[in-house]
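**Q** If you want the building blocks of each chain, they are given just below.
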Amino acid sequence: MAQTPNTTALAVFIVLFVSVAFLGFSAARWQRSGEAQISEWGLGGRRFGTLITWFLLGGDLYTAYTFIAVPTALFGTGANGFFAVPYTVFVYPIMFAVFPRLWSVARANGYVTAADFVRGRFGSGALALAVAVTGIVATMPYIALQLVGMEVVLGGLGIHGEWPLVIAFATVAAFTYTSGLRAPAIIAVAKDLFVYITVIAAIIIIPGELGGYAKIFAAVPKAKLLLAPPTATSLGQGFGYATLGLGSALALFLYPHAVTGLFGSASKRVVRRNAVILPAYSLALGLIALLGTMALASGVQSMPAYAHGFKMFGANYAVPALFLQMFPSWFVGFAFAAIVIGALVPAAIMSIASANLFTRNIYREYLHPKCSPANELQVAKIAALVVLIGALGFIIWLPGAQKFAITLQLLGGIWIIQTLPAVLIGLYTRWFHPVALLAGWAVGIVSGTAMVAAKNFTSSIYALDILGMTAPCYDAISSLMVNLAVTVVLSFVFNAMLGGARADSTTVSDYI
Amino acid sequence: MTRFRPIYLLLFPPYIALLWVGSYNRVDPTLFGIPFFYWYQLAWIPLGALLLYPIYRAEERRKD
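Chains as they are written, first to last, in this note's numbering: chain A, 1 to 512; chain B, 1001 to 1064.
So here's chain A without its partners, still in its complex pose (with noise of 0.2 Å):
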């Protein structure tokens, strides 16, 4: 059944792509200055309004990866794959109350990435390479699964094999290397309108086909329906979603593709806007959610007609076979356009974000100094393509490389996090040293990635015994807290041998 490409749904799907990529390529010529400069090819040239930007951060912070992951961690283990809905809650007033400064310094200093910023604020070269390499580790294992949610949905279509990621990625090199970050705002804009139309689709379909919600929950076993509460000795599964929680929240803003998002912004008012409309996508992927239930109540995984996908990509096919069990072929072509279009997007923005952190940060910081404006752009370009290519042939020529994506994902939030001392508490102090700094972000990453190490690389909770009470606690928020013990005390302790007196490029009226 599943296994032959299912023609309506194909033909619609390809119809889709086609126009979508062809936009990109059109995006070239739209806003240009024609300046040959990296903020014009990888900012958008920072002229992107309230409605762009909301599109682009959109497309770029809801990956196809999360439209796959998210409803198949709630279809395997129920209550607790929903805290992206209390994760996607805290991200905002952390964006609003924080990032408006980030933007304006970065405006005011002509600052292409974070690590630029931290190059400035602190004057520590190797403090900044810390926070670019860091951001680069952490965004490569992201675009690799951007391939795997394509995998799933073309496997949904019939469609088995490398060629069609093949083709799919080298439409996001090309345009991105064309358009650069022009190219993901555009195809944003039709990529949201499909998720939206699908979205509300399948909350009115399906719980319609299934006899409700009320049944929906009931097929859903006694143990997940809810978090396991907390006990005498132990503070219970809660802590752990908690924590995660609020970890990823404070992680999600560190991210490159973040990071370039918001500084494609044309003004502080885009961004405190944004804060307020995006949350939007956030009910969109809550409700997204809830398909992984809707998948567990509709039965799909014992169907034989979806056998064959189950086998091939686990629990990750449930909303796929959600999908082609109920709705038309036409619109099964239409929901997967969605979620593939889906993963160009942030696909081509993390391709830039890594590109410019490694042309701002590492080339031109130690390998060209004296550097062109035109021949840095040219460097950024050519690394956009290398990272996407490096993407490809991970995921295609690795064995095992998804399930290796995935546990760097996992250590990519837990190291990304380290990076919040020097960038963002840095947007208020210069109290802490650089070499305070450095030294606990190294501390964070290790013990962070020890804990999880601890785990056989399978979960990112390690209990933690406090005061006699277990609690088992997301590894970024534990290792943040270790980082900014080490930054603290040895601020106090360099500030105190050395001075406090240090280079700091930005000045006060920078930040308002």
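Among the hints, a few may not be true.
Computed cross-link-like contacts, EDC-like style, restricted to lysine to aspartate or glutamate with a CA-CA straight-line distance of at most 16 Å [unchecked claim]:
#1 A:268 to A:510
#2 A:222 to B:1028
#3 A:268 to B:1028
#4 A:268 to B:1060
Derived Cβ-Cβ restraints for the label pairs, each shown as a range [unchecked claim]:
#5 A:233 to B:1047: 30 to 40 Å
#6 A:77 to B:1006: 38 to 48 Å
#7 A:303 to B:1033: 50 to 60 Å
#8 A:302 to B:1022: 46 to 56 Å
Source of the hints: derived by calculation from the structure; they are not laboratory data. We put the beta carbon where it would ideally sit given N, CA and C, even for glycine.
With chain A fixed as given, assemble chain B onto it according to the hints.
**A** Chain B only, in chain A's frame:
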């Protein structure tokens, strides 16, 4: 440093509500058959946005 503005206290309710998992880790009351755990957290998405809006307005007024 900028002066503390009380309206910014509106940033905190979502964290208090959703970090306190014990307050919503229950099935009843259900809404359209959806257990409390699920619909309550979903409800905080628009609620969080609504709380940001007055701060946004205050920031806009400050500029003028």
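**Q** So which hints don't hold here, by number, going up?
**A** Failing hints, ascending: 3, 7, 8.
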